[in-house]
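Work out the full structure: start from the sequences and follow the hints.
Going by our numbering, the first residue of the sequence shown is number 1, and it counts up by one from there.
No lab work stands behind these hints: they were computed from the structure. C-beta atoms are modelled at their ideal positions from N, C-alpha and C, and glycine is treated no differently. Please note that the accuracy of each hint is not assured.
[Said to hold, decoys possible] Per label pair, the in silico range of CB-to-CB distance:
(1) Ala38 - Arg126: 26 to 36 Å
(2) Val155 - Asn84: 42 to 52 Å
(3) Gln105 - Arg126: 45 to 55 Å
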Amino acid sequence: MKRTALVLLFLLSINLIISGQNKDSVATKPNLRFYGNAFHHHHDFFQKAFSFQGLELGTMINRNVILGVYTSFFASNLNSVVNNQPQYIWIGQAGINIGKLWFEQNWIHPGCQLNAGIFSLRTDDRNFGLFETNEAAFQLNGAVFSPQVFGEFNVTNWFRIRTGLSYNFYMYNDHSTISTADLQHLSFTFGMVFGRFK
1 MKRTALVLLF LLSINLIISG QNKDSVATKP NLRFYGNAFH HHHDFFQKAF
51 SFQGLELGTM INRNVILGVY TSFFASNLNS VVNNQPQYIW IGQAGINIGK
101 LWFEQNWIHP GCQLNAGIFS LRTDDRNFGL FETNEAAFQL NGAVFSPQVF
151 GEFNVTNWFR IRTGLSYNFY MYNDHSTIST ADLQHLSFTF GMVFGRFK
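Take a look at the structure:
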């Protein structure tokens, strides 16, 4: 499964980069524009609604291909039940992303994106702080892939609002305590994108 996902990511990357190039400007320098996206992913973990807060930084190539890095994490711990025991839960993830925009000059336009990275999950029966995650009793690490589709609304020449749907696929070795059903759900995404778009 991991190899298949990596191959698909590589093929998608090549396709997006090639399709993002202007056919009339093969010999010219690509148009690069930097952007930042402060985002919020809202979905279920352990049968409870909870949210990631995150930041994405990258570049737009020829106005329609997105390449960047991202990080997201629980700003506070989730209080839930793991294996019939009350637990405080924290999750963080980071990685790279690639995406594609269509008709990006229009006020409202569609896009898609794939985030690929690593994640860390921590649980403990005590409420540990954000900078105490390495002291939690249970620790789980693995890979995460998150495809998403979204729409963007051009508010100004430097600000956009992005909303969409995504799904996180978590891959890890030890399923004895945490099952993928505890983590993998459809999520609603909301972002505020800043950059020079005109």
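Against the structure, the hints come out as follows:
| no. | hint | result |
| --- | --- | --- |
| 1 | Ala38 - Arg126: 26 to 36 Å | holds, 30 Å |
| 2 | Val155 - Asn84: 42 to 52 Å | holds, 47 Å |
| 3 | Gln105 - Arg126: 45 to 55 Å | holds, 52 Å |
The earlier numbered hints are all upheld by this structure, with none contradicted.
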